[in-house]
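Q: The chain contents come next:
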Amino acid sequence: MHKFAHMSDIHIGAFRQPELRALVLQAFDLAIDKCIDAGVDFVVIAGDTFDSNIPDLSSVKHAAAKIRQAKDQGIAFYVVYGSHDFSPNYSSIVDVLESAGLLTKLERVTRREDGKLDLAFTVDASGAKLCGISGKKLGLDRLDYELLDKERLESEGGFKIFVFHGALEEYKPRDLSMMEAMSVSQLPEGFNYYAGGHIHQRSVNSLKGRRNLAYPGPLFGTDFRDLESIAKGNESGFYMVDFDTDVRRVEFVGVTPCGIAELEFSAQGKSASQTYAALQEIARKATVEDQVVLLKVHGELSQGRTSDIDFGAIRRQVLAKRPLSLLLSYSQLTSREQSAAEGAKPLSPSLTEKETFEQRIATVTSPEPRLQGARGVQLSLSLLKALKDERRENELKPDYQSRIEKTGVDILGLEKTS
Amino acid sequence: MLLREVTIKNVRSYNDDAEAVVEFPEGVVLFEGDVGSGKSTILYAVEFALFGTAEVKGSFLLSDRKQSGHVRLKFSENGKELEVGRGLVRRKDSVAQERCYIVEDGKRTEMSPADLKERVIGLLKFNEPSNPRAESLVYRFAVFTPQEQMKEIIQKDSEDRLRVLRRVLGISEYQLAAENSDTVEQRIKRDAYGLKRASEDLEEKEALASALSSDIAQFGKRLPILEEKRSAAEAELAELESQSKDLVSKREAVSNVASKVPTLERSVKMLTTAAKDALDKADRLEARLKDQYVPFIEEFEKRKTPSERSAGALDEELAGERREHEEKTATLRVLQNQSEGTEELLREGKCPRCGREIDHAEFGDRAAHLASEIEKTRAEVLLSKDKCSALESLRRQMAAYEKDREKHATYSKERANIKLDISESRAQVWAYQAELTKSTRDLEAARKEEERLKGLAQEIAELERDLGTSRRMRDEASLDLQRALAQRDAKKESLENLASELMKKRSMRAEAQRLGGYQSWLSGFFRPAVEQIEQQTFMQMNARFNHHFQRLFSSMVDDIDLGVRVNENFSPVLERQGFEQEYESLSGGERTSVALAYRLALNAIVQETGASGTGELVILDEPTEGFSKEQIHKMRDILAELRSKQVVIVSHETELEAMAQHVFRVQKVSGTSRVLAA
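Sequence order for the protein chains is A and B. The numbering of the first sequence is the numbering used here, which starts it at 13 and goes up by one. The numbering of the second sequence is the numbering used here, which starts it at 49 and goes up by one.
Accuracy of the hints is not assured; some may be wrong.
[Claimed, not checked] Once the Cα atoms are required to be at most 30 angstroms apart in a straight line, the calculated BS3-like pairs of lysine-lysine come out as:
(1) B:Lys451 to B:Lys461
(2) A:Lys400 to A:Lys418
(3) A:Lys400 to B:Lys451
(4) A:Lys418 to B:Lys244
Just so you know, these hints were derived from the structure itself, not from any lab. Small disclaimer: the values here were computed from a predicted structure and weren't measured.
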């Protein structure tokens, strides 16, 4: 009985925050340690080993050392490009590591004269035969599948693993409905295991003669959505597969470099001050030491502005609890004013002035005819225009006030009294 | 505003004492050149020409080792062609501005640097106070923002940014209007308060007027009664006065008699007293004569003189006798001394001086003789002493006699006088008694007359009492009436005065109420409406700003996970997948994109509002710093979208050339900048 690990979407180098970037590496270390402990024959990484084709080198250095540690234990690493670490001219860090003998790229393609693509198998020491197609940006890999000589692949005997990086229409999660995807039927049939990547949600399925279509999801979060998913209880990790002539067992192995706490608050119908107080209370009560904290605030404030909430202070309050990292989201928090102004027409302050006075003039209860109705609106507009007048150069403040007072009472027709 | 032409001399690297003339066509104008070639200096020169040295110091602008330099800028605003010029001159420790001018409608006007800035801000309708020491924030935000400053603005304290944006977008004028509304309202409130204070006793005065009216009505009833009372008193008085006329003559007689009796009584009394006094005096004089003068006189006249000799002769004899007595006494002393000496010698037996023995016999005789002599002399002394005593006694008797004789003479004279006085007093007594008799008789006659007239006098007295009472009553009635009339008139006058005061106060009260209505209108309607307008306009601008900001940013940055927006304070919020991102965590290109999108969004919103005269022109200083080639190429679309008539770009990116309608190359040759049309 042999064993291999199926990982994908490790995204080494992901995150701008150093502490999150370190957690990605930590997850990778944990996963490799588990592989070593389990005595796997090889590790398959189905794309996006790195977050970009040229990630920051300190992360690469760390990852390479870990791979080297596993290699020294006789564990081989088979990879395809993912959409993130793809390089059209083979100058990705994946290529660098392959050149260093740490990784083996599975996409060994030759274009035949008839335009078809021949994909060669790589045979592991365990006897497993592996081949794969890299993921490319903008769904460019779809053409590869169209040109792929599947029959040749399907006719190959032995324990076969097909590695790919892309979404499948049939298994696309609902929230990724807009994502580029191919049909399962574009994959060659008859493989013992289909090691998928790209979809950050784990699943193992069988369909249309393709058994063990597996997506392990990311090893750890590679973006905020992943972290939210983990916080909601969706454990991240990889698959450990036992095989001889066929797959005997597929086991999901969780990788948890740290806890992720999601603190969520709905400000719907609450004022800015109430929301701020509630967030302070949440921060006060939070026990988040050595965890990644996701603090999400959403909803429409009934009163006040989002900027009235001192998120900086909340941030400081949470950070005082010594979490590993704090991620703050209030993009879905709006104020009533903002909502009212959404989709505002092109600006016309003078129209706003007139409309506002017209809307409010009905509230005037004064018996003075000139303060009511259309006359009241006209008076308001005249007064507003006059009262916008700024202090002139070299005009002393008392003189300015006197001028404004006089202008005001003149416009209101009170000059005889005053 | 559209730039036309700038002429630069000795400003930074335009330092060859020649004027560099740079034209600004309309459309997208690119000044392209290497870093440090002098591109940005063109922009600094434009800003200096417009606003002076508030932002860029003169020492920064004036070329090294040059004593003076200048900038002239031709530009148009709202179809009006204008030219401004400013000079720089090096002084001992500083660089100062000089020779500022503006050409409007072909007319050149020299101005101070501060005045020129104020004029330019006014012409450009920048809607900001002209502070010669402060940069023009509208220009800085909406027209030309050096790229590094744009990042500062992005990261600026939100209050500062908000304050500037409110001004740039014309929002601050609503706050000003709201504050000024308070000023006007306070003024009206003060006026209303003054009127209220002045009329606060209206109710009190109205009560007073009512009380006065009531009092006046009371006088209407009371006055006829008082008039009647006075008439009755006058009638009664007239009757009494008529009666009194008849009694006037009788009263005079009564009066005469009445006055005569006391006179006579006093006369009788006086005469009686005088007669008695005169009689007493005569008696006293006679008694005195009898007791004092007559016995002495009679006794003296019986006495004889003690000596026939005169007093002088007695004195002379006494003096002689006294001399003799003294002589005898002296002789006796001499003899007694001699006798004592002799007795001494006899006892001693020898002379105390010469020691010689004395002759006792001789000295015995001598002593006996002396004793005899002493005895004789002593007898003589006693005799002369007796003589002196006798003479002295006689002399005293003589003196006493002389004194009594003088007294006798005086008494004799006094006695004669007293006798005369007694005679006179007796005569007076007689006279008084005669007069008294007459007066007594007259008095008795008068008393009889008085008695006779007594009844008439009483009648007169009673009538006069009645008259007095009647007059008092009449006077009191008149006084009461007059007082009542005066009171009524005073109250009438008070009421009239009060009526006019009441009219004024009612008018004041009404005006205060009217002002209160205006005050309520301002505070309850106008100000909240202005605040709503401010808030609404502000949020509309915020939403429009967000619209432009997000649109522009997404057209520059491909990363769909990275989003930007501004919060209500126009503070940029950067989010990746909805989670907040620090500005510092962005790449250089992303930062530039945020800053440029923010800047262009601001320009777009300024154009929409027309808040400031800035929409026609945009100046971009190195707008693509840190951009990838792809991003730079996207600038074409962004520039095409800008609706500004003139876009001036300063950049070292040659890729932008293809996007510009006019390209100028800025080169530095031997340390001097040149601008060449490409």
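Q: Now, for every hint given, state plainly whether the structure supports it.
A: For each hint, the structure was consulted:
{"no.": "1", "hint": "B:Lys451 to B:Lys461", "in the structure": "holds (16 angstroms)"}
{"no.": "2", "hint": "A:Lys400 to A:Lys418", "in the structure": "holds (14 angstroms)"}
{"no.": "3", "hint": "A:Lys400 to B:Lys451", "in the structure": "violated (136 angstroms)"}
{"no.": "4", "hint": "A:Lys418 to B:Lys244", "in the structure": "holds (21 angstroms)"}
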